[in-house]
Amino acid sequence: MDFDDTPDEAAWRAKVRAFIEEHREELGRRGDEQRFDDRVARARQALLYDGGLVGVTWPVEAGGQGGTPMQQAIVDQELARAEVPGLINLIGIGMCGPTVIHHGSPEQHRRYLKRLLRADDVWCQLFSEPASGSDLAALRTRAVRTEDGSWRISGQKVWTTLAHLADHGIVLTRTDPDVAKHRGLTMFVVDMKAPGVTVRPLRQMSGGADFNEVFFDDVVVPDEERLGDVGDGWRVALTTLMSERLSLGGGGTEIGVGSAAIAEHVARHVGDLSADRQALVRQELGRAYVDSLGTRYTGYRQLSAISRGDLPGPEASAGKLAGTRSARDLADLAVRVLGEHAAYAVGPSGSSTWQDLQAVLPGMAIAGGTDQVLRNVIGERVLGLPPEPRADKGVTFRESLAAAGA
Amino acid sequence: MNFDLDDEQRDLAASARDFLASSASPAVARAALDADHPAAAALAPGRDALVASGFATITVPESAGGGGGSLLDLAVVAEQAGRVLAGPSLITFARAAVLLAGDDERLARLVDGSLRVAVVDGTGPVLDAASADTFLTLRGDDLVCGPGAVDVRAPIDPTRGLGQVVLGDVEVLAPDARLRWEHAERVGRVVLAAEDLGAAGRALEIGVAYARERQAFGRAIGSYQAVKHALVDVYVQVEQLRSLVWWAAWAADQADDKLPMAAAAAKAAAATTLTTAAETLIQVHGGIGFTWEHDAHLYWRRAKVDRFLLGDDVAAYDEVARLAIAQALAGDGPSAEAGASAEAAVAAR
Numbered sequence: 001m002d003f004d005d006t007p008d009e010a011a012w013r014a015k016v017r018a019f020i021e022e023h024r025e026e027l028g029r030r031g032d033e034q035r036f037d038d039r040v041a042r043a044r045q046a047l048l049y050d051g052g053l054v055g056v057t058w059p060v061e062a063g064g065q066g067g068t069p070m071q072q073a074i075v076d077q078e079l080a081r082a083e084v085p086g087l088i089n090l091i092g093i094g095m096c097g098p099t100v101i102h103h104g105s106p107e108q109h110r111r112y113l114k115r116l117l118r119a120d121d122v123w124c125q126l127f128s129e130p131a132s133g134s135d136l137a138a139l140r141t142r143a144v145r146t147e148d149g150s151w152r153i154s155g156q157k158v159w160t161t162l163a164h165l166a167d168h169g170i171v172l173t174r175t176d177p178d179v180a181k182h183r184g185l186t187m188f189v190v191d192m193k194a195p196g197v198t199v200r201p202l203r204q205m206s207g208g209a210d211f212n213e214v215f216f217d218d219v220v221v222p223d224e225e226r227l228g229d230v231g232d233g234w235r236v237a238l239t240t241l242m243s244e245r246l247s248l249g250g251g252g253t254e255i256g257v258g259s260a261a262i263a264e265h266v267a268r269h270v271g272d273l274s275a276d277r278q279a280l281v282r283q284e285l286g287r288a289y290v291d292s293l294g295t296r297y298t299g300y301r302q303l304s305a306i307s308r309g310d311l312p313g314p315e316a317s318a319g320k321l322a323g324t325r326s327a328r329d330l331a332d333l334a335v336r337v338l339g340e341h342a343a344y345a346v347g348p349s350g351s352s353t354w355q356d357l358q359a360v361l362p363g364m365a366i367a368g369g370t371d372q373v374l375r376n377v378i379g380e381r382v383l384g385l386p387p388e389p390r391a392d393k394g395v396t397f398r399e400s401l402a403a404a405g406a
Numbered sequence: 407m408n409f410d411l412d413d414e415q416r417d418l419a420a421s422a423r424d425f426l427a428s429s430a431s432p433a434v435a436r437a438a439l440d441a442d443h444p445a446a447a448a449l450a451p452g453r454d455a456l457v458a459s460g461f462a463t464i465t466v467p468e469s470a471g472g473g474g475g476s477l478l479d480l481a482v483v484a485e486q487a488g489r490v491l492a493g494p495s496l497i498t499f500a501r502a503a504v505l506l507a508g509d510d511e512r513l514a515r516l517v518d519g520s521l522r523v524a525v526v527d528g529t530g531p532v533l534d535a536a537s538a539d540t541f542l543t544l545r546g547d548d549l550v551c552g553p554g555a556v557d558v559r560a561p562i563d564p565t566r567g568l569g570q571v572v573l574g575d576v577e578v579l580a581p582d583a584r585l586r587w588e589h590a591e592r593v594g595r596v597v598l599a600a601e602d603l604g605a606a607g608r609a610l611e612i613g614v615a616y617a618r619e620r621q622a623f624g625r626a627i628g629s630y631q632a633v634k635h636a637l638v639d640v641y642v643q644v645e646q647l648r649s650l651v652w653w654a655a656w657a658a659d660q661a662d663d664k665l666p667m668a669a670a671a672a673k674a675a676a677a678t679t680l681t682t683a684a685e686t687l688i689q690v691h692g693g694i695g696f697t698w699e700h701d702a703h704l705y706w707r708r709a710k711v712d713r714f715l716l717g718d719d720v721a722a723y724d725e726v727a728r729l730a731i732a733q734a735l736a737g738d739g740p741s742a743e744a745g746a747s748a749e750a751a752v753a754a755r
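Taken in order, these protein sequences are the chains called A and B. Taking my numbering, the leading residue of the first sequence gets 1, the next gets one more, and so forth. Taking my numbering, the leading residue of the second sequence gets 407, the next gets one more, and so forth.
Misleading hints may appear alongside valid ones.
Not the full set, but computed from the structure, chain B residues with beta-carbon under 8 Å of chain A [to be verified]: (1) 431; (2) 511; (3) 558.
Under the rule of at most 20 Å between Cα atoms (straight-line distance), these lysine to aspartate or glutamate pairs were calculated in the DMTMM-like manner [to be verified]: (4) 664/B / 178/A; (5) 664/B / 83/A; (6) 114/A / 38/A; (7) 15/A / 83/A; (8) 664/B / 410/B; (9) 114/A / 264/A; (10) 664/B / 2/A; (11) 15/A / 26/A; (12) 393/A / 178/A.
Keep in mind the hints are simulated off the structure, nothing from the lab. For clarity, every value in this text was computed on a predicted model and none was experimentally measured. We put the CB at the ideal spot given by N, CA and C, even for glycine.
Using the sequences provided together with the hints, build the complete structure.
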């Protein structure tokens with residue numbers, strides 16, 4: 001047992017670190033920018049791509065490095081450590097691109113992949129809808145084939161990160177409502193600037209507006225932009241979601257807030273409290289800190305598996321499940337120790353770091369798989385418990401809609 | 407990064423499991439509770455058989471006849487002991503091995519079974535006192551050893567052999583032994599957490615098996631989210647505890663500076679996790695779950711006692727917080743780690 005890099009990993013880490021050092025100022029730092037500027041973010045990703053640090057696990061013929069998931073994990077760790085802001089095309093790299101690689105035509109590969117990695121084009125993923133979140137296969141956006149063979153898409157998507165900036169998206173549609181819900185789906189690449197695409201920002205409870213609702217009104221998509229066969233969209237979507245798990249890399253990254261950062265914050269403020277309250281705050285800190293250590297070291301076990309060449313399995317969901325809980329506990333504590341300022345959105349120094357974080361974290365327990373869906377995944381696929389009953393089994397999508405009175 | 411057991415440790419776990427499960431079980435623990443004098447009832451595998459197996463003294467150096475193994479090796483065995491509620495505890499042997507380091511004569515007697523020792527913390531209940539006749543304790547800063555009178559009282563968990571000890575004439579084994587004493591206590595916490603990991607993991611298995619079988623309202627109760635999610639929450643806690651136990655054992659073996667935090671975190675997580683696992687086990691079983699005949703309460707008894715051993719959980723959480731705050735104030739916390747590894751890179755966040 002050890003926590004050390006293998007010689008190969010150490011050499012790769014040194015290379016990554018040297019690149020970051022060399023371009024330290026150009027890469028920017030988290031929190032430096034007053035307003036998000038997508039041109040700056042695109043330029044940053046292009047710089048990292050040209051340095052070989054984007055699309056590490058992608059095949060060379062797709063524009064990637066043909067590297068290992070462990071090399072990608074090391075890049076992620078070092079960028080996070082250096083406080084380099086996240087890649088603008090994270091969803092494109094982690095989800096859209098792999099789907100195009102697996103199911104797209106050579107022409108689509110040539111047209112899209114390298115531009116995606118360099119952030120010449122920004123991509124979004126159009127899956128969730130107002131009436132289908134966790135139950136993704138219940139989606140209603142329709143694609144209808146026209147006489148010339150092209151498709152017309154109508155419907156509404158929601159929670160679409162970066163749709164307002166995106167050049168392209170992958171969109172999951174229903175092409176046949178008269179078969180079971182998983183069978184009648186088809187995936188396309190859609191031009192987000194095409195006529196009939198309307199994007200409206202959605203404001204989150206934290207006040208931020210990172211994602212959008214997207215309306216499709218008879219948007220024409222040529223058949224050449226189809227990904228996979230007609231009616232095979234569910235299988236194509238599973239590729240997307242599987243790639244998401246791989247791209248996240250498992251291992252040991254903390255959600256929302258690092259326990260070290262929180263301990264520093266609490267350490268600075270705990271002395272202001274009465275002795276009784278200090279003891280109570282230490283109980284809260286101790287519990288949340290132990291949970292975050294447990295999550296971190298469980299992540300190291302996944303990272304070790306990746307280092308050996310194994311792929312993360314469904315048990316990786318436990319990290320997100322536990323991480324969102326301990327992050328919320330830590331953020332609550334961080335606000336609590338602000339004392340009489342804790343009930344206000346902004347402190348006397350003008351800082352709102354912890355209040356903002358507190359308002360972001362409830363969403364983390366929903367985005368990318370709700371706590372409840374993750375518990376079902378672990379319960380059924382790790383513990384072997386019987387599956388949820390499904391009321392829409394063995395009926396067509398149209399029949400299930402009718403049964404639901406929709 | 408290779409944060410995992412190796413093949414030898416997996417083999418060790420398998421052979422420990424064979425040995426321990428052949429004698430110890432919740433049924434033996436229940437029989438002890440049913441005995442006329444529960445506190446004096448026979449433990450399984452019992453002190454003599456446990457010593458004879460060699461598992462108890464894995465961490466004693468080979469020069470003194472021990473196994474010459476690591477604390478991680480012992481933790482792997484302790485997990486198996488916890489699964490079947492074995493007694494006496496490996497905690498006792500692990501602490502004695504640290505306290506008697508360099509005293510090859512006494513260590514050899516620990517290995518051959520003629521030294522029947524327990525470790526006394528202050529005036530509280532003493533783990534495995536019921537099967538001991540010689541006691542180690544800290545007096546001032548001196549490590550002392552001697553006989554004692556044991557008063558065993560009605561146990562909540564009969565497998566822990568708890569008793570009140572009044573020491574007789576003691577001899578000083580080592581002066582200025584406080585640091586060694588504290589190290590032994592932390593090593594004990596790691597083994598305690600490993601035993602609780604085994605108990606909690608076994609409680610989860612029993613609960614999952616029942617949830618797959620038991621039918622209510624026309625389907626298996628494990629298909630209901632209310633039951634399924636409760637078991638998943640235990641699973642997540644058990645796996646996190648496993649990570650902390652391995653980390654703490656590794657720290658004891660290879661990174662002493664990390665041991666205080668790791669041992670306190672493992673101890674605290676063990677208390678919380680075993681309590682949740684045992685309560686969930688009872689709840690999932692419904693009416694049968696709180697009967698004397700069912701095994702669930704034997705794991706629950708272990709939880710209710712272990713949370714108080716080697717400092718209680720509240721004290722352990724407080725220690726974690728104090729250490730985290732001290733690290734932050736000193737500026738030498740994880741965020742200041744400069745090492746070139748995944749651990750350093752992630753901890754820096």
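Against the structure, the hints:
{"no.": "1", "hint": "431", "result": "23 Å, violated"}
{"no.": "2", "hint": "511", "result": "33 Å, violated"}
{"no.": "3", "hint": "558", "result": "33 Å, violated"}
{"no.": "4", "hint": "664/B / 178/A", "result": "61 Å, violated"}
{"no.": "5", "hint": "664/B / 83/A", "result": "25 Å, violated"}
{"no.": "6", "hint": "114/A / 38/A", "result": "18 Å, holds"}
{"no.": "7", "hint": "15/A / 83/A", "result": "17 Å, holds"}
{"no.": "8", "hint": "664/B / 410/B", "result": "18 Å, holds"}
{"no.": "9", "hint": "114/A / 264/A", "result": "42 Å, violated"}
{"no.": "10", "hint": "664/B / 2/A", "result": "14 Å, holds"}
{"no.": "11", "hint": "15/A / 26/A", "result": "17 Å, holds"}
{"no.": "12", "hint": "393/A / 178/A", "result": "13 Å, holds"}
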